[in-house]
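Position chains B and C against the provided structure of chain A, taking the given hints into account.
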Amino acid sequence: MEPRQPAAVTPTVGVALITLAIAALPLLTRDSYYLDVATTILMNLTLTMSFRLQVRTGQINMAHISFMGIGAYTSALLVTRLGLPFWATLWVGALIAALLAVPIGSVALRVSGPYYFLITFAFSEVVRLFFNNFFEDLFGGPSGLVGIPKPGRLLGMTFNSKLALYWLMAAICVVVVVALVRLDYSRFGLTAGAIRQADPVVETLGVNVFQFKLTTFVLGSFVAGLAGVFFAHYRQVLHSSDFGLEPMVLLVVFTVIGGTGSVWGPVIGTIVMTLASELLRELHHYEILVFGAVLILTMLFAPEGLVALPSATRRLLRRLFGRATEPAGARLAP
Amino acid sequence: MLLELRGVSRRFGGLLAVSDLSMAIGAGTIHGLIGPNGAGKSTAFNLITGVIPLTAGEVLFKRERISGLRPSEICRRGIARTFQATALFREYTVLQNVLIGAHLVAARGLGPALFWSRGYRERERRARERGRALLSSLGLGAVAGHVAGQLPHRDQKALALAMALATGAELVILDEPLAGLTDQEKTETTNVLRRLKEQGVTVLLVEHDMKAVMGVCDTVTVLDHGVRIAEGTPREIQANPAVIEAYLGAEEPGA
Amino acid sequence: MSIELLVQALLNGFGLAMVYVLVALGLTLIFSILEIINFAHGEFYMLGGYVTYYVYALFGLNYFATLGLAILTVGLAGVVAERLIFHDLRGKALNAFIVSLGLLWVMQAGAQLAFGVLDKPVPSAFSGVVRFFGLIMSVERLVVSLSAIVLIVALYLFLRLSRPGRAMRAVAQDPDAAALQGVNIDAVSALGFGVGCALAGGAGGLLAPVFAVSPAMGALPVVKAFIIIIVGGMGSLPGAVLGGLLLGGVEGLGTLFMGSAAVNMLGFVMVIVVLLLRPRGLVGGA
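As you go down the protein sequences, you meet chains A, B and C in turn. Okay, so the first sequence: first residue is 1 according to my numbering, each after it adds one. Okay, so the second sequence: first residue is 335 according to my numbering, each after it adds one. Okay, so the third sequence: first residue is 590 according to my numbering, each after it adds one.
For reference, chain A alone in the conformation it holds in the complex:
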């Protein structure tokens, strides 16, 4: 019967740390490769944070990446076919993703648990197959869509360099992180966690659980759409496999390895795992082998994720050295 420990990191400190790290990086290196890795981390972070928002309510939305794709293709087509500026299509792409999230989410949220997982997975495959096989003149078919330009000028600034694009992604990421951290620490986050634990109770306490979950679904999809638009104009090439099972699975891995119990979980998970996969990249098949082994070991020994590493380590040490866990009297009721 212990009182709950206060959170180790307050929201302000955490956000400040992240912003500092992001701002500091270009001071340390201008190397194109490192900037690329960092930009990828920021993009993944935007995706994992918005994914985790939904996970907090208990939804494992395997179609999250599809909304990234919808944002990406929408913006790519609006810019290349209609000549619209990136600065407008950034919002249009995200909005279209959010709009499509309403009917898709309404349908998917009729079920829950493993069924929700499976139906969103089915949706994501349908979307991927759609982009891969239909309207090839629009989406590029199996060969992909090429020739997407970088963002145009804004307020006199150009965005042709890796550094400029890094700053753009950083700006998007920081805004998203601040917003989602705020939400998580607010009543909204509290309600989300309550829904995961016992949603019938939340419903009888006056919260329309369906609407709440749909809100998180649509909000998450909007953010995914934003990331997708950036992705399209950063990589300048789109292929349906960018929005398929493999990248989605990686998002889930980053989030769960980091720890779904805390809003900082995705931060740690994304950074650590992206760096790990870069470091292991040279090993080819061994990379995947080691990655897989790391996954297994982490889940077995630190099931709450890296975020809870201190307590997981303590647990492991206790088990290895066999100390009694608590003094005998602690559990007796007063």
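Bear in mind the hints are in silico, worked out from the structure with no lab data behind them. Computed from a predicted model, the values in this text were never measured in an experiment. Just so you know, nobody snuck in bad clues.
Partner residues are not named here, just some residues of chain B that face chain A (Cβ under 10 Å, in silico): (1) 383; (2) 384; (3) 404; (4) 407; (5) 409; (6) 415; (7) 422; (8) 425; (9) 426; (10) 433; (11) 435; (12) 454; (13) 461; (14) 501.
Ideal Cβ placement from N, Cα and C applies to all residues, glycine included.
Chains B and C only, in chain A's frame:
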């Protein structure tokens, strides 16, 4: 009449769990719903609170039809409940549990939470105050920071009640509020119920402890096999031959 | 569009569907006993394929004996996996998902390193075709389908009649009640996982001569298995058979009218429709 049931029925496949049930509860009273096991009492609760749909009939609250509405909407109209298997947010602290219930007085929605406006902060502060006051009045003040899943049984039941009260409900529906409590704790709880009544809250409860029910309720409805077999004051019920008949063969009255 | 053409298309679809039903049965068995979804299931299928390649194609043992060996070896591998990795994850679906993903990568990368990336063809033990009622079917496909059906029936009998089988069903229905009645949950979990993987291994052995053996060969069957168990109902064995027949039939007919890309989508569309109208699956409800 605060709550009225008219001809309420619920069918599960071939079984009529609740059959043509009509009852009325006056504001500011404590009303008991009793009956042998399987009589349909929990089903009746689920029907009133919108957890399951009616097969026939209607439920009126403050003269407005609530049957067919979502449970969250029914709660917003002023009805809150507890569950038979005490349902709490076990990973959250006691205060956090109560705060979830207090959302109806706090700032709702995405916008305020996102922008953390002054209005949001002010209403959250008031919700916290209200929550703490509620916890104190139910003897939970000292454990506000404790994790709900680790509380002793008595505290868990008190917390469930606090959560329901935090919604500001006019009608509180309690599913076996005395189950698993010692005699001392039962007396404390019935005193709490009387205090609620003084504050103008209406209580509808299901209980198996006959002594307690007869001691605290103003009126009692008796169900057997989904059918209402008697209704009246505790004295009238205790003398009613049909009621005695229903309990012989199921359980002894006066647990 | 003659009736014969339609029935032939259906038959073609059913031919392989029975083998996918085997894979699905293994997956759903594991789900019903351990309450987790094993994403590495396709890798056990792949293992069965490689055992068949090495023992039957290279070593020369009789095909059916090899099949039995594949089933046993992969089943054993499943038991080991459960004991080492999965037994603490009962009911923790999200963590089990990540762990099984890790296992998938380990097994697949391991296979690439051990066996090489290239396809390895496995010669067919049976040749020729069979004709009946104006329909045609290769002997190989016929043997494959019939073997799959035999294994399905064997599984059914095992679960119905044998003690371990009944224990597995008890745990699937209500683990707490089963434990109270003295069932050793740990042993049942290990056995259940083993049997589930054994079924996948057997399926891999059956399809090795049909599709050739490669490290990534498990991907397609496991996707089909998922579609089958969602349509049929997770945790339901008759549902898996029904789901398999439906998928086989729909895809078989589909190839008559649309290109293969669209046929691939059909399975997922079926999943969405089922999840909307009857989320528990056609037979599900456990």
